[in-house]
Amino acid sequence: AQSVTQPDIHITVSEGASLELRCNYSYGATPYLFWYVQSPGQGLQLLLKYFSGDTLVQGIKGFEAEFKRSQSSFNLRKPSVHWSDAAEYFCAVGAGNAGNMLTFGGGTRLMVKP
Amino acid sequence: NAGVTQTPKFQVLKTGQSMTLQCAQDMNHNSMYWYRQDPGMGLRLIYYSASEGTTDKGEVPNGYNVSRLNKREFSLRLESAAPSQTSVYFCASRIAQGEQYFGPGTRLTVT
Chain S
1 AQSVTQPDIH ITVSEGASLE LRCNYSYGAT PYLFWYVQSP GQGLQLLLKY
51 FSGDTLVQGI KGFEAEFKRS QSSFNLRKPS VHWSDAAEYF CAVGAGNAGN
101 MLTFGGGTRL MVKP
Chain Z
1 NAGVTQTPKF QVLKTGQSMT LQCAQDMNHN SMYWYRQDPG MGLRLIYYSA
51 SEGTTDKGEV PNGYNVSRLN KREFSLRLES AAPSQTSVYF CASRIAQGEQ
101 YFGPGTRLTV T
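Heads up: the protein sequence lines correspond to chains S and Z, in order.
For the first sequence, counting from 1, position 17 maps to 17 in the numbering used here; every step adds exactly one.
For the second sequence, counting from 1, position 79 maps to 79 in the numbering used here; every step adds exactly one.
To be clear, the hints were calculated from the coordinates, so they are not data collected in a lab.
Some clues are possibly wrong.
[Stated by the list, open to error] Across the chosen pairs, the derived CB separations fall in these ranges: (1) S:Arg69 / Z:Thr15: 29 to 37 angstroms; (2) S:Gly62 / Z:Gly3: 22 to 30 angstroms; (3) Z:Thr15 / S:Ser80: 43 to 51 angstroms; (4) S:Pro7 / Z:Asp56: 26 to 34 angstroms.
All C-beta atoms in this analysis are idealised placements derived from N, C-alpha and C, irrespective of residue type, glycine included.
For reference, chain S alone in the conformation it holds in the complex (with noise of 0.2 angstroms):
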């Protein structure tokens, strides 16, 4: 089975600095990865995905996420943040048909400090 793990429950930095989200997974086969965003109370919003070709993938609100398959890895990164990205964010791994049934991490609570 499928296993997800985001080893920061929370992570603050300060606004214009550098972030890096760090994701895990385990899963036998090719993976399809996913970063959601959820800000509180909200649902959630996918920021970028991996099915195959580049590992290096770019999604949306200046978010890019690298696959490192060696690694088993899949880093959020984003160069600048913002005070509206304060979140929460979760990685997941699709498994079954084309990455039907998704497995989340615990989530990565951010907060930006001014």
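Given chain S, put chain Z in place with the hints provided.
Using the frame of chain S, we list chain Z on its own:
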């Protein structure tokens, strides 16, 4: 397009009561899902429906039932609510070979 809609937004139940959470999508997606979200545990899949007329159990199906009423609608029923079912429930639908789209959630408290 409204996307994925869920009703109600909030609900308080007493132990043993029943209720149905409603979900609808207007994106013509085949697959629909129900998740629960608990602090520190991410989202866990309760049930899913790969297409109209089919449903399957996910990771945490006990205490729940589902109905795929038609292509648009997928409901989740709690027959006899328990305090352990206090959670935030999310419905999602999926484009073929693509990502899932989530509704705004239903916050359920069972006392």
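Verification of the supplied hints:
1. Between Arg69 of chain S and Thr15 of chain Z, the C-beta spacing of about 47 angstroms breaks the proposed range 29 to 37 angstroms.
2. Between Gly62 of chain S and Gly3 of chain Z the beta carbon distance is about 23 angstroms. The supplied range of 22 to 30 angstroms therefore holds.
3. The given range of 43 to 51 angstroms is respected by Thr15 of chain Z and Ser80 of chain S, whose C-beta atoms sit roughly 49 angstroms from each other.
4. Restraint check, Pro7 of chain S to Asp56 of chain Z: a C-beta distance of roughly 31 angstroms satisfies the suggested window 26 to 34 angstroms.
The structure does not agree with numbered hint 1 stated previously, though it agrees with all others.
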